[in-house]
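S.K.: Required output: the full structure, derived from the provided sequences and hints.
Number of protein chains: 2
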Amino acid sequence: MIPRCIQRSSIALQQIGTRSRSCPHGLRCLSTSPTPTPPDPSPFSRYGRKAAKYTAFTCFSAVLGLSVVVGGVFIHDVFTYSDKHIDRVPVSPLALHPERGGPKNLPVASVLVGDEDDAALVAVKDKPRLVIVGGGWGAVSVVNSIHPSDYHVTVVSPDTFTTFTPLLPSAAVGTVTVRSLVESLRKIIARVHGQLINGRAVDLVMSERLLEVETVSVDGETRNIYVPYDKLVIAVGSVSSTHGVTGLEHCFQLKTVGDAQAIRRRVIDNFEIASLPSTSEEERKRLLSFVICGGGPTGVETAAEIYDLCQEDIINYFPKLLRKEVSIHVIQSREHILNTYSEAISKFAEEKFRREGVELITTARVGEVRPDRVIFTTKVPDTGKIVEHTIPTNFVLWSTGISMNPFTARVSSLLPNQVHKKAIEVDAHLRVKGAPQGDIYAIGDCATIETSLVSHLLELVEEADRNKDGNIDFDEWQIMVKRIKKTLPMAATHLEKVRTLFDLYDSDSDNKLTLNELAVLLQEIGNKITALPATAQVAAQQGKYLGHKLHLLAAKRNTLLSNELPADADEAVTGPFNYRHLGSLAYIGNAAVFDLGRLSFMGGLVAMYAWRSIYWSEQVSMRTRALLMTDWVLRGVWGRDLSRL
Amino acid sequence: MIPRCIQRSSIALQQIGTRSRSCPHGLRCLSTSPTPTPPDPSPFSRYGRKAAKYTAFTCFSAVLGLSVVVGGVFIHDVFTYSDKHIDRVPVSPLALHPERGGPKNLPVASVLVGDEDDAALVAVKDKPRLVIVGGGWGAVSVVNSIHPSDYHVTVVSPDTFTTFTPLLPSAAVGTVTVRSLVESLRKIIARVHGQLINGRAVDLVMSERLLEVETVSVDGETRNIYVPYDKLVIAVGSVSSTHGVTGLEHCFQLKTVGDAQAIRRRVIDNFEIASLPSTSEEERKRLLSFVICGGGPTGVETAAEIYDLCQEDIINYFPKLLRKEVSIHVIQSREHILNTYSEAISKFAEEKFRREGVELITTARVGEVRPDRVIFTTKVPDTGKIVEHTIPTNFVLWSTGISMNPFTARVSSLLPNQVHKKAIEVDAHLRVKGAPQGDIYAIGDCATIETSLVSHLLELVEEADRNKDGNIDFDEWQIMVKRIKKTLPMAATHLEKVRTLFDLYDSDSDNKLTLNELAVLLQEIGNKITALPATAQVAAQQGKYLGHKLHLLAAKRNTLLSNELPADADEAVTGPFNYRHLGSLAYIGNAAVFDLGRLSFMGGLVAMYAWRSIYWSEQVSMRTRALLMTDWVLRGVWGRDLSRL
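From first to last, the protein sequence lines stand for chains A and C.
Residues 1 to 645 (the working numbering) make up the first sequence, in order.
Residues 1 to 645 (the working numbering) make up the second sequence, in order.
Honestly, the hints are just simulated from the structure, not real lab data.
Treat each hint with caution, since some may be false.
What the hints assert, rightly or not - Result set (DSSO-like, lysine-lysine): computed pairs, CA atoms no more than 27 Å apart in a straight line: (1) C:231 with C:544; (2) A:50 with C:231; (3) A:125 with C:285; (4) A:497 with A:468; (5) C:347 with A:84; (6) A:544 with A:497; (7) A:127 with A:231; (8) A:84 with C:324.
M.R.: In structure tokens:
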């Protein structure tokens with residue numbers, strides 16, 4: 001229906017400000033007007049008249065301005081209905097009938113159907129083949145950082161779109177729509193004249209530089225093909241870790257838009273079923289209890305979003321009893337939620353949740369998840385006794401830790417010296433450890449930078465031990481430190497006090513470090529270095545770094561070759577990857593927190609708007625920006641969409 | 001990624017006009033500027049300076065105007081983050097533990113959980129119970145036409161939202177998003193303080209005025225309840241008819257947003273799989289052939305939308321070969337597509353499709369649909385010989401005719417004198433034929449107005465035969481005609497020539513019509529009356545008529561009862577339903593056609609914009625208007641969303 005209070009309006013937006021609180025149409029209403037209303041211009045008040053004039057001008061401009069924009073859009077729109085016709089399309093026969101090869105004798109996609117579509121594509125046809133596996137933060141920022149003519153780019157991804165993951169919790173309750181979070185990979189790749197293969201990477205033949213991709217045919221049967229590469233970037237992300245808990249198949253996760261859609265459906269379902277006359281009280285309480293396992297940003301934000309949904313929408317359109325019986329529970333294994341953030345922030349978030357009646361269960365361990373309940377244990381602080389608890393529920397979100405996806409596991413199993421359990425080990429240049437130099441890179445959640453120094457002991461000594469006496473004196477130690485800092489920037493912070501370290505580990509204080517002493521030193525420093533977190537920020541920075549490096553390698557290729565430098569010339573064109581932490585932020589329900597390293601900032605609406613604007617600016621395309629803005633405005637004006645869809 | 005050409009822009013919309021055609025970022029571009037650009041203001045040209053001034057002013061106003069609007073939205077937004085708290089909620093124990101009753105001894109939802117939530121709800125608590133079954137055009141327009149305090153309104157619907165069905169073909173290819181077509185039923189019902197029961201009506205106990213509703217519990221098991229009613233409105237729509245064709249399970253339909261989503265996924269799938277190196281040429285051709293069975297508006301619009309998708313998006317982001325190999329086929333049983341429209345329109349549409357290479361197969365009969373092909377027969381014009389054809393395809397849309405859904409069938413089986421095969425027969429007051437007077441109404445696709453006059457022969461004679469001679473003379477005939485026109489407006493057009501009719505059927509020309517002569521006359525006129533089409537327009541008009549009548553009945557209730565008028569006083573408050581056809585329109589791909597009865601209008605973009613603006617104005621809420629507008633603008637600026645989602 002058209003709300004009465006709008007029927008009168010020509011342009012909805014212009015009226016928002018002037019609607020009355022009593023409007024019953026689910027239209028969020030405002031008691032005061034945003035535009036200054038003119039005071040009664042009595043003959044004695046010149047100011048009154050002036051103000052009136054200004055207001056009139058403002059309104060006039062508003063209308064004029066809008067009409068100009070709308071007009072512009074229309075005129076532009078007219079030109080977008082093309083009638084172009086395609087006659088003949090040049091296609092290499094090899095693309096239509098690919099040759100077979102490789103150890104499994106599969107079709108080898110050495111030429112693609114689109115390779116000769118236009119001049120730009122023909123131009124990159126014979127460039128080195130850059131194959132990027134994955135379509136997330138890492139992959140996209142690589143694509144965005146290389147230049148159009150550098151490589152023949154092929155992206156292999158089971159999804160045809162990239163997702164703005166940080167806003168998935170918002171999408172999970174309909175604050176924003178999932179469409180606003182996704183951008184078609186084909187549109188992103190178009191800039192570098194790349195192509196998309198919609199499939200799942202399953203295996204790797206490093207000797208022949210072939211990536212095995214599983215595609216699904218129209219009949220649903222899987223068909224594997226080889227995609228040849230000169231440079232391969234692995235950016236396939238990760239899967240949630242189970243921590244050996246049973247019954248996780250009854251849990252939701254929040255890693256994809258599919259997850260967000262499923263959660264949204266379940267949440268609305270719970271409220272709809274809870275409002276049925278056929279639902280018993282006990283059932284209703286269960287339907288309205290939402291359990292979130294994991295007190296990290298994802299868990300906390302989802303809890304906050306569910307609370308918002310109840311507070312701002314459910315309360316208006318469902319029986320009030322439902323709102324009253326809603327219970328939200330956050331189960332956290334550590335002592336505080338948001339424990340990776342500053343203490344002040346955890347406290348602030350915990351305080352807010354307590355005020356809102358969101359139950360925080362800390363230092364708890366989930367034992368089992370059943371279709372209708374979550375079973376967990378807590379420790380009694382003083383006695384240390386373990387107590388088991390049960391929460392009946394119809395919604396469990398599992399958001400704790402990450403682990404390898406099958407392809408990552410396969411790759412690391414192919415390489416002898418890959419020992420890490422949760423990711424592929426790479427060096428500071430993001431090259432996969434043990435793979436042919438300069439062929440394969442890994443970034444994002446699926447990769448971790450090797451921090452062991454002791455394994456490089458001999459090389460380091462080799463280089464630093466100038467007088468070849470098998471020992472390292474202080475001058476040599478300084479050289480070594482320089483070298484370490486250069487190859488592994490993450491170690492720098494732990495190597496600041498050069499002298500102190502030297503004396504500390506020079507046990508026999510002969511002002512020399514023997515190999516043994518050195519080994520201990522390097523071992524312990526290595527242990528001190530903490531791995532980079534599995535965040536979008538890290539993935540994006542690594543992607544940007546790698547994309548830039550790949551561009552340099554492409555640009556300087558001939559120079560390098562003419563100087564007879566090795567194919568792997570990473571060191572020659574750029575230094576190792578150096579992560580700069582820009583801070584972490586989290587939404588906690590009409591409030592937000594920012595941890596910017598030294599200082600941290602937290603607050604209500606203002607902080608929330610800041611949080612939004614940061615994510616808004618980080619969007620992958622102007623299109624998603626427009627969509628996000630629309631979503632936020634719509635939520636403000638008409639509330640969230642409550643239809644189960 | 002942020003397209004270069006936008007990175008520089010502050011407000012995307014303002015820049016649209018000034019972008020260059022060569023922009024490669026999937027950004028639809030425009031070579032000319034919508035705002036008049038100032039000519040070089042040389043010292044000699046006063047006009048130049050003037051123009052410059054005006055342009056500056058316009059731009060300034062545009063910016064100012066936008067900022068005012070944005071500011072307004074922001075200020076309004078701030079007030080939408082409520083922090084209200086709920087303490088105690090009054091709920092009748094009967095709502096929590098409903099009594100059992102009825103023939104099947106099921107729980108009877110005589111009181112609902114939300115019945116005492118606020119003053120407005122308490123006010124309608126004891127009003128007559130109006131139960132509306134369905135959530136489509138008919139149901140919604142009933143809700144929108146009654147007054148908030150008339151009835152205790154309960155809507156029973158398996159979906160929690162209403163759908164703007166006419167734009168489903170657009171949603172099926174992503175020209176608009178499905179979210180823009182749906183509005184939450186709860187929000188629509190809120191105006192009349194009604195409540196939603198999310199379930200499926202399955203049976204009816206007219207004697208006890210109980211509607212049996214099937215609800216689904218949290219464990220997925222079905223639980224039936226009785227919903228008591230004083231007045232029942234059946235508006236459950238229809239299902240597609242099979243016409244006895246086998247293999248329709250391999251076809252798509254286009255009646256719900258679910259259908260639209262499924263179609264969109266399949267279409268994108270087809271293109272993604274077709275672009276895989278592992279797909280053979282034959283498979284590709286099959287994947288890219290789209291078959292639409294049914295040349296009505298839905299079929300034609302879907303064909304047109306698929307063509308648009310290929311022309312405006314696929315061509316830019318998929319290998320060109322795919323666009324070249326796309327084939328669209330429309331199979332129509334009649335001689336022309338859009339055969340319910342004027343001849344000029346069918347011709348226009350057919351011409352357009354021919355130009356665009358969309359294959360039209362007319363006077364064809366689909367025999368069977370297999371997972372990988374459609375088999376149909378055509379008749380050779382001169383010889384009349386039947387020829388069988390096969391089209392390999394991976395997409396078949398079935399959009400031909402309607403038939404009863406299970407509940408409709410059940411209702412009509414409960415009533416003795418319901419003979420119609422495809423819908424429930426109602427009288428001209430939309431009362432279900434044979435049901436207790438004034439209890440049950442049926443509207444929309446699931447209802448058809450009874451057009452048989454002969455069945456009322458005796459009543460008519462009874463009333464008209466003043467001299468009680470068992471015959472009808474001309475004066476009496478005129479009375480009868482008046483009466484018929486009053487009770488069945490649809491018959492009016494066939495009763496204009498009163499005298500001619502009388503003489504024609506007065507076979508023995510004794511200037512009297514015997515009962516037999518009259519029977520023949522009424523029989524033949526009855527046959528001439530064509531039933532109303534199963535369109536949104538009819539459903540909406542019937543809903544509006546019924547809602548208005550129900551309001552009058554509620555308003556005049558006491559007056560009626562005091563005058564000892566029967567509970568069923570429909571005739572007392574309003575005349576029969578009289579359908580006014582406002583014309584039909586259809587989108588045929590960057591062009592549209594309008595059949596306004598006498599005159600018909602067809603054309604390109606201008607017509608398309610007209611088509612859009614009509615549907616835009618028909619939207620159920622301002623929210624969906626805003627969303628639709630956004631969709632159309634976004635399509636214009638960035639094209640359709642190509643991500644499979």
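S.K.: Give a verdict on every hint.
M.R.: Comparing the hints with the structure gives:
no. : hint             : in the structure
1   : C:231 with C:544 : 16 Å, holds
2   : A:50 with C:231  : 60 Å, violated
3   : A:125 with C:285 : 25 Å, holds
4   : A:497 with A:468 : 25 Å, holds
5   : C:347 with A:84  : 23 Å, holds
6   : A:544 with A:497 : 32 Å, violated
7   : A:127 with A:231 : 11 Å, holds
8   : A:84 with C:324  : 11 Å, holds
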